[in-house]
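Asker: Top to bottom, those sequences are chains A and B. Per numbering that gives the first Met the number 0, the very first residue in the first sequence carries number 0; after that it's consecutive. Per numbering that gives the first Met the number 0, the very first residue in the second sequence carries number 0; after that it's consecutive.
Honestly, the hints are just simulated from the structure, not real lab data. Treat each hint with caution, since some may be false.
[Stated by the list, open to error] One-sided excerpt, in silico: chain A residues whose CB lies under 10 Å from chain B:
1) Pro44
2) Gly47
3) Ile64
4) Glu87
5) Ala95
6) Trp225
7) Val227
8) Val231
9) Tyr235
10) Gly236
11) Met271
12) Gly299
13) Ile300
[Stated by the list, open to error] For lysine-lysine, the following DSS-like pairs were computed, each having C-alpha atoms within a straight-line distance of at most 27 Å:
14) A:Lys2 x A:Lys22
15) A:Lys204 x A:Lys41
16) A:Lys178 x A:Lys22
17) A:Lys194 x B:Lys87
18) A:Lys194 x A:Lys178
19) B:Lys262 x A:Lys204
20) A:Lys159 x A:Lys22
21) A:Lys41 x B:Lys269
22) B:Lys141 x B:Lys222
23) A:Lys190 x B:Lys269
24) A:Lys159 x A:Lys178
25) B:Lys141 x B:Lys219
26) A:Lys204 x B:Lys87
27) B:Lys239 x B:Lys210
28) A:Lys22 x B:Lys41
29) A:Lys255 x A:Lys301
30) A:Lys22 x B:Lys141
31) A:Lys22 x B:Lys87
32) B:Lys141 x B:Lys32
33) A:Lys194 x B:Lys41
34) A:Lys194 x A:Lys159
35) B:Lys262 x A:Lys22
36) B:Lys161 x B:Lys242
37) A:Lys204 x B:Lys6
38) B:Lys87 x B:Lys32
39) B:Lys269 x A:Lys2
40) A:Lys298 x A:Lys316
Please read these numbers as outputs of a predicted model, since none were measured by experiment. All C-beta atoms, glycine included, are put in the ideal place defined by N, C-alpha and C.
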Amino acid sequence: MSKVYLMQGNQAVAEGAIAAGVKFFGGYPITPSTEVAESLAKMLPTVGGKFIQMEDEIAGIGVIIGASLTGMKVMTATSGPGFSLKQELIGYACIAEIPMVIVNVQRVGPSTGQPTAPAQGDVMQARWGTHGDHPIIALTPGSVPECFDLTIKAYEFSEKYRTPVILLLDEIIGHMREKIELPDNYDEIAKPQRKLPQVPPEEYKAYQADADLVPAMAPFGSGYRWHVTGLVHDEYGFPNGSPAATQKCLDRLHEKINNNLDDIVLYENYCMDDAETVVIAYGGTARSAYAAVDAARAKGIKAGLFRPITMWPFPAKQIAEIAGKAKHIIVAEMNYGQYVIEVERAVAGKAPVTLHAKYNSEAITPDELLARIESLK
Amino acid sequence: MEQIIDKYFRPGRLPHIWCPGCGNGIITGAIVKAVDKLALEKNDVAVVSGIGCSSRASGYLDFNTVHSAHGRALPVATGVKLGQPRLKVIVVTGDGDATAIGGNHFIHAARRNIDLTVVLFNNNIYGMTGGQYSPLTPANSKATTAPYGTVDRPFDVTELAKGAGATFVARSTTFHTQLLVDVIAQGIQHEGFSLIEAITACPISFGRQNKMGGAPDMMKWQKDRGVMLAAYEKMTDEQKEGKFPIGVLYKTEAPEYSAEYDKVIARVQKGAK
Numbered sequence: 000m001s002k003v004y005l006m007q008g009n010q011a012v013a014e015g016a017i018a019a020g021v022k023f024f025g026g027y028p029i030t031p032s033t034e035v036a037e038s039l040a041k042m043l044p045t046v047g048g049k050f051i052q053m054e055d056e057i058a059g060i061g062v063i064i065g066a067s068l069t070g071m072k073v074m075t076a077t078s079g080p081g082f083s084l085k086q087e088l089i090g091y092a093c094i095a096e097i098p099m100v101i102v103n104v105q106r107v108g109p110s111t112g113q114p115t116a117p118a119q120g121d122v123m124q125a126r127w128g129t130h131g132d133h134p135i136i137a138l139t140p141g142s143v144p145e146c147f148d149l150t151i152k153a154y155e156f157s158e159k160y161r162t163p164v165i166l167l168l169d170e171i172i173g174h175m176r177e178k179i180e181l182p183d184n185y186d187e188i189a190k191p192q193r194k195l196p197q198v199p200p201e202e203y204k205a206y207q208a209d210a211d212l213v214p215a216m217a218p219f220g221s222g223y224r225w226h227v228t229g230l231v232h233d234e235y236g237f238p239n240g241s242p243a244a245t246q247k248c249l250d251r252l253h254e255k256i257n258n259n260l261d262d263i264v265l266y267e268n269y270c271m272d273d274a275e276t277v278v279i280a281y282g283g284t285a286r287s288a289y290a291a292v293d294a295a296r297a298k299g300i301k302a303g304l305f306r307p308i309t310m311w312p313f314p315a316k317q318i319a320e321i322a323g324k325a326k327h328i329i330v331a332e333m334n335y336g337q338y339v340i341e342v343e344r345a346v347a348g349k350a351p352v353t354l355h356a357k358y359n360s361e362a363i364t365p366d367e368l369l370a371r372i373e374s375l376k
Numbered sequence: 000m001e002q003i004i005d006k007y008f009r010p011g012r013l014p015h016i017w018c019p020g021c022g023n024g025i026i027t028g029a030i031v032k033a034v035d036k037l038a039l040e041k042n043d044v045a046v047v048s049g050i051g052c053s054s055r056a057s058g059y060l061d062f063n064t065v066h067s068a069h070g071r072a073l074p075v076a077t078g079v080k081l082g083q084p085r086l087k088v089i090v091v092t093g094d095g096d097a098t099a100i101g102g103n104h105f106i107h108a109a110r111r112n113i114d115l116t117v118v119l120f121n122n123n124i125y126g127m128t129g130g131q132y133s134p135l136t137p138a139n140s141k142a143t144t145a146p147y148g149t150v151d152r153p154f155d156v157t158e159l160a161k162g163a164g165a166t167f168v169a170r171s172t173t174f175h176t177q178l179l180v181d182v183i184a185q186g187i188q189h190e191g192f193s194l195i196e197a198i199t200a201c202p203i204s205f206g207r208q209n210k211m212g213g214a215p216d217m218m219k220w221q222k223d224r225g226v227m228l229a230a231y232e233k234m235t236d237e238q239k240e241g242k243f244p245i246g247v248l249y250k251t252e253a254p255e256y257s258a259e260y261d262k263v264i265a266r267v268q269k270g271a272k
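Please construct the entire structure, taking both the sequences and the accompanying hints into account.
Answerer: Here you go:
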């Protein structure tokens, strides 16, 4: 049985978290992400889970690192400035391979920017905000129902690949109210599972990977004692700064993601079969892009939309294929030009790439995009 | 002692990285002696540390251990405690780690009165980065970043903890080792936020800059200045000059955070049914 609701994207994220089996939220209030925290503060105790409002953004991710180590599925939610503060510990979670989902509902920046206005300015921060080299998975929902589904998907990836996953919303999607159909009972939704050790405690090596390059993770308190560190480490988790150990540690972090792009890279093709003018847009901007493509088609222009759902890792293969067929590629984004740089790299000169950027704290409208499509045909 | 090393230290992880004369090994030894005294199961203990000399202790100990980020041991430990309340969670931190970069977490963990036992290794200096002043460096001391003496006034971290809401506050030194074991054991048993300030000598980065002599001289400094609280309270202000109280300095009972949250869950779930 399911029931229909009118719900915000932020609330749908919270519902998705509960459906995925999340039992712990730690965070710090920041607009426009607060409804995620407020919803989970109310819901978590009803499912035996815990919510804690920490003293700052850094503590908000620190506390979920600790809870994840005990085997819980965990979440924190924030927005641009708070996301910046969390970056050191996002890197920690990458190298220590601690599953978690970090929701970033983007707002205008830099700095305090415009708290209640939409932007997509954290695309590169999601990829490269923390220091050093590491892979990351970042997913971007384009509707309220997708906020629910992608939150569950984020936990699938996080638990399967033992990595932090970023759920990158923008203020449009976070605050938009839309129809959503939710199951009455989340028991029927499969709960993503973390790989547990199959060896006795005395044989357990916390960072010895299986063939899938992902090590099993024993919850603290389950009888397996192991060491967690942000230092480069060996298979036991003990610090080892040798060049060989450093390269081995970092290679595996990258390869466990890079070897599974077909599983991780999600996208939507809309009117793409014969598209000559291709719009690449994501999140709230994609909503205007659907309408612009429809309007262009009504005028006889062969327009289409490629919507990356997985922002990172970058869908390079898919975009290279588009570049081989398209006459024009328009990247529409609510920033000064971030994703476009990656698109240009993947297109590699095979088609002209045009940036449709808007960063004045207003959304890109269908009319603006249609005008851009018409100007290029 | 050898038996305790075999029982609680990870095989193959020694020798430790600490400098000759450093007191950190004594404090780490006191932690395992306290665990041994309480006959806790190793699987039921988690040690969470931050970054710095002190915080390397977690890697040597055969418990569930986390060497977290600089200043962030307390949030991580809070998550471990809330995730698995059965665990006895011991936080190993230094003066810079706990009171500078981690100062906000320190006061708020104390305010919540969550059941963590914080053993704060106070060597009055940033040791790992080579002798810069910390919030617990005494005023007018020399440091590599205070070549003319510090202007900053230091915290009394026991008063800070008490003021913030800690319900068990104690102090000992690496000279007063029996007392150190005893107050750490009491802190672990106490249900609430416990702070144990463990005063330790850093002859290399603090002692040398401040002409305090070698490790034995710095131990003697601790012996001469640390006075049991009962005796300290009977001293005149003049006699107290240059001394500090040791032992259990403050103890009270208050609701413990993780237990209180469990009550919320029970209440909400009862209401939902």
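Asker: What are the numbers of the hints the structure violates, in ascending order?
Answerer: Checked against the structure, the hints that fail are numbers 8, 11, 12, 13, 15, 18, 19, 24, 29, 30, 32, 40, while the rest are satisfied.
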